[in-house]
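Protein chains: 4
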Amino acid sequence: MSSSVGNRLKVQLFGQSHSRGLGVVIDGLPAGEEIDLARVVEFLRRRMGGRNAYSTKRAELDMPEILSGIVDNKTCGAPLCAIFENTNTRGSDYDELRAVPRPSHADYVAFVKHRGHNDVSGGGHFSGRLTLPLCFAGAVCLQLLERRGVTVDAHIHSIAGIMDEPFDGLPVNGDFPTVNKDAGEKMISSIETAAAEGDSVGGVVECGAWGLPAGLGGPIFDNIESRLAYGLFAIPAVKGVEFGAGFASAGMRGSRYNDPFYMDQGAVKTKTNNSGGVLGGISNGMPVLFRTAFKPTPSISLPQESVNLVTGRDATLNVKGRHDPCIVPRAVPCVIATAAIVIFDIVLEGV
Amino acid sequence: MSSSVGNRLKVQLFGQSHSRGLGVVIDGLPAGEEIDLARVVEFLRRRMGGRNAYSTKRAELDMPEILSGIVDNKTCGAPLCAIFENTNTRGSDYDELRAVPRPSHADYVAFVKHRGHNDVSGGGHFSGRLTLPLCFAGAVCLQLLERRGVTVDAHIHSIAGIMDEPFDGLPVNGDFPTVNKDAGEKMISSIETAAAEGDSVGGVVECGAWGLPAGLGGPIFDNIESRLAYGLFAIPAVKGVEFGAGFASAGMRGSRYNDPFYMDQGAVKTKTNNSGGVLGGISNGMPVLFRTAFKPTPSISLPQESVNLVTGRDATLNVKGRHDPCIVPRAVPCVIATAAIVIFDIVLEGV
Amino acid sequence: MSSSVGNRLKVQLFGQSHSRGLGVVIDGLPAGEEIDLARVVEFLRRRMGGRNAYSTKRAELDMPEILSGIVDNKTCGAPLCAIFENTNTRGSDYDELRAVPRPSHADYVAFVKHRGHNDVSGGGHFSGRLTLPLCFAGAVCLQLLERRGVTVDAHIHSIAGIMDEPFDGLPVNGDFPTVNKDAGEKMISSIETAAAEGDSVGGVVECGAWGLPAGLGGPIFDNIESRLAYGLFAIPAVKGVEFGAGFASAGMRGSRYNDPFYMDQGAVKTKTNNSGGVLGGISNGMPVLFRTAFKPTPSISLPQESVNLVTGRDATLNVKGRHDPCIVPRAVPCVIATAAIVIFDIVLEGV
Amino acid sequence: MSSSVGNRLKVQLFGQSHSRGLGVVIDGLPAGEEIDLARVVEFLRRRMGGRNAYSTKRAELDMPEILSGIVDNKTCGAPLCAIFENTNTRGSDYDELRAVPRPSHADYVAFVKHRGHNDVSGGGHFSGRLTLPLCFAGAVCLQLLERRGVTVDAHIHSIAGIMDEPFDGLPVNGDFPTVNKDAGEKMISSIETAAAEGDSVGGVVECGAWGLPAGLGGPIFDNIESRLAYGLFAIPAVKGVEFGAGFASAGMRGSRYNDPFYMDQGAVKTKTNNSGGVLGGISNGMPVLFRTAFKPTPSISLPQESVNLVTGRDATLNVKGRHDPCIVPRAVPCVIATAAIVIFDIVLEGV
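Protein chains in written order, with the working numbering: chain B, 1 to 351; chain V, 1 to 351; chain A, 1 to 351; chain Z, 1 to 351.
Careful: at least some of the hints might be erroneous.
In this list, chains with the same sequence are indistinguishable; a pair is considered to hold if it fits within one copy or across any two.
[To be verified] Straight-line Cα separation of at most 20 Å, EDC-like style, residue types lysine to aspartate or glutamate; simulated pairs:
1. 181 - 85
2. 271 - 314
3. 186 - 199
4. 269 - 314
5. 74 - 42
Simulated from the structure, these hints should not be mistaken for laboratory data. Quick caveat: nothing in here was measured; it's all calculated off a predicted structure.
Model the full assembly from the supplied sequences, consistent with the hints where possible.
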């Protein structure tokens, strides 16, 4: 029942899809860190919709306003608060949803949890729009991590079953970040086909962190995998998280799975990275690698079976409004941002 | 860097594989709850090794001693502390590991994190033996959940790629809990083959919670999936967690994935359960279902490539000692216990 | 290193004295609670300066802007964010303080903690202005407490050694809340005398909560007194907190101190309330009563001995700028607000 | 509703007065720290009763058994668990208290909170005996602080209104630690007089920490004073906490209260220490000084007015059993221990 995360770094999100504003408070940032806001805005652009066939038509400028925490472009040790105005809202699209919840969307549970007092408009606090301040916080953490020699990046691992090539951490920025361009075009094509049919598709985002020293994190609870998974499942539509070989490791033999150690110019490394950079909950000095599964967008324009919460009868739902036929491209910066926040929190704790 | 978990219910584990004792403190249990210790011990028996081909030879009695928190078989509102003695220890087996870490085991990172001061013997605090007090805490929570109409159970979903049948929550207790006995026997056979070759295998545990009302949990952080994943990744050897259709949902269309709502005698239900009982981080009244991937046991008797941390040179490792060729059967109660702890914590918070 | 407080209810403050804005995020409010913003603003007026001899000349309108969490005047279950603009700022007054810290003010420690990167202007994040969003959060909690039959109020117990009469909880609102008007006038006179001499005075605020059931709170840590004290010491200038008979109890005999129980129409009550409504960290059904000591305002216009952090030499400081000669009258709503936040958090946990 | 404290260092207490055992788990201790158990036991001796006129007759050996966290006398990075057996128990003394609660004791609220399921015997979890594992944890932290150049010590500031001399931090160990021996003898005499009359007396403990660098702690919540007060109010019988000049500062002028800065061989110091070493919640490099007020022991042998919770009628109570006529001498190590735990937690966070 909380919209905050972090041990040393506390990130508190607030706002609803159609509230006056939304934003984030980041408490615990070290003082004296320069923040390049232009680069933050550039990162936010990666999750912006409204520019192509696979995103919604909603296109707000999404410029952050810094209320506190930064003086002369540097953090001052006080909590950083950034807010975004909600200007382009179309609340009337959601009138029907007050009574008839969208299948596999949060409408029904929000109604139950808040006994009908939840903000229905645009999904309220459950809206994907809350990932905007999340990405802001992540973009800030990315800069602080970079200054400490750590990079975090991600690519689209698959959409609708179409796979990208393996990811080595080299930048694949852009609206549709795949290593292999052809694979990317096939994915886009599959999204467009689904969209044309009033349907949606899901996908997998693969993300990694390079440059972490060995010894971060800890055993049992509060380990790196637990904390990353905790953050990642907070992104709307995530249904699975795996590290290194992940679920595939369940079908492997130990002799094949185990990552052999070797000395590389005085440093301990492993020849493979099936462990995804984490052993016993602690970083081992190899890249931390994980994949996050996104379900297909629940809002589709095909008619769906639902119920009317007012009449207590079965009902058919025709969803109006603007929705992405696939949220995976816009989810990539959300995964990066979440990872950056969690990892910077872990870095602040130190070895 | 913490061995505790929970918001309303705090579960603090302590102990090392070969320390004088290990145990758990459970803070926040409601007062006046009867605890049937015989049933707790029966549950602990499910994770006990030493009785068949696929478990280690180590066989301790593992009887909990209740230090506090229970008076006349009932909780008294004070923290419940249960301890276990470590009697059957064979520390000398681990001498070599002080210098040469086992691949894909926590030896190396524990050494780095604690600058050589970690308890090497038996894996120290990183040992699977720490799941004993974890299971104790889970067994207590299971009883309190049952009293509130909630059951939590699990089966072996797959081992070494051999799949069990779908799980409907009917009890599949026993040392090797599969729905389909033939599938179970094939799994045991694959474990025995790997063991005979000095190797190990992994698998997947599927777990569910039945009887939860809609409205538990919350949006964004502290949602049900985040909290369960946080707990589950703390179990040694877990490399992936997925809910409902999980990673498979990434390849599905929305029209196929979305769970249609319908009215069932006044209650809102869904015809399918691809969401695994969780929408927007909140329970929707359907069973909460998830799978947890376990890597193959890292300790294998085949020779492995490693490094010598003292000499700084490459080294070959031959692991001695007793190790399960597959930890999945003993992991089943660990998954149930973790889920019971996290879910009872969420139940205590209420809708 | 945190600007947030609370277990069930998380209150996160942000902003600096002269940043673009400041505000608060309140996470965990129950949904469906009507918030009367006019009454919130009325409460904020109680901490407003600029209207008399004993307050600073700074007079901003201090109208909250609600960014999120309220729909149609009711909480919607999402975090409530309220912000305030900073319009009337006079940063140049503080130039000298960058090098020469004010005695008994936070200037020096903020400089050390943040290695010179702290926001000096107006005291930055350490400014008493941060009590504005604190009072906003408290005013919201007061309304929710009132709806549950709990009232929280306070009076000026003493200023400069001049004592008010005992407090029975009847409202003593107003700019200068004393039970006895004559005592209040003497206090005002002592403040004016000190101000005329370029000096300042301190005082004590006494606060109580009426209507709490017995059984709230808990033993050892997280008890009512610990949590209230934790919150109260976060108000600038607080140097002491005591409950019931407080420090005076140290000089009493048990036979005189102990509060005799008696039955009052089926309810257990005590004849005296030296315990201040708290036994063993838990409410006993009597009013929760405590006093908070405020030191004299550190910013005085008399010349003071200090050091120059740039030159590393002793220096004489002449503080310019506008400062209250006594912050106690404006501290009254801050104490009430803090108590309301902490007590509502405890009420949400329940017995 | 929690028996744990700390951010980086988690200290979890468990046990009841007459449960099988009681103890503490300390999670977050750095690895490789040597712990001198003989000195720990020596510290525990300071809170031991049974040896003189002003303590109870109960005299257990109170030897800690280390279950985990220490290998070869050094911390190993895993949680340290120490337990104590309860051997000398006299449960029957408490039979009457099940129905008739002691005035100003926790009997009544424990009954209400836990709906009659609380452990009545010896005060259960509310017993002063829980300060034994608290002192253990504090004794461990004292050694780690000492290694970092920080000492924490305390003296009896007053008992029954009889004052000791000012405290400069020089060791005043012993059963009855006062700076001035004559004052100490007068205090003992006043305790004996009260005891002879079946009554009890209270007092004040003054404690300080020497050697802390400037810059520890933080603004608003989680500041040094809030955290110390949070810990101190968890000690049974504490009714007030004040820092530096404390409540007396409320009667002082700013010109008299403010601590003038001066340079002392390159270091910034203050000529007086009315601030008790804390400005804006942050250490200023001067000794951190505070006082804690203890009420008289509630258990007195004089007849007292109470109620019978079974019959719902007024009742007269005659308390049997062994009780200290003054808990202040035994409270001194409890204050030191609590301060050591909280301060070491703050030291671990760093500037």
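Hint check results:
no., hint, result
1, 181 - 85, "neither (35 Å within a copy, 48 Å between copies)"
2, 271 - 314, "between (57 Å within a copy, 12 Å between copies)"
3, 186 - 199, "within (17 Å within a copy, 41 Å between copies)"
4, 269 - 314, "between (59 Å within a copy, 11 Å between copies)"
5, 74 - 42, "within (18 Å within a copy, 36 Å between copies)"
Against the hints set out earlier in the document, a violation occurs for number 1 only.
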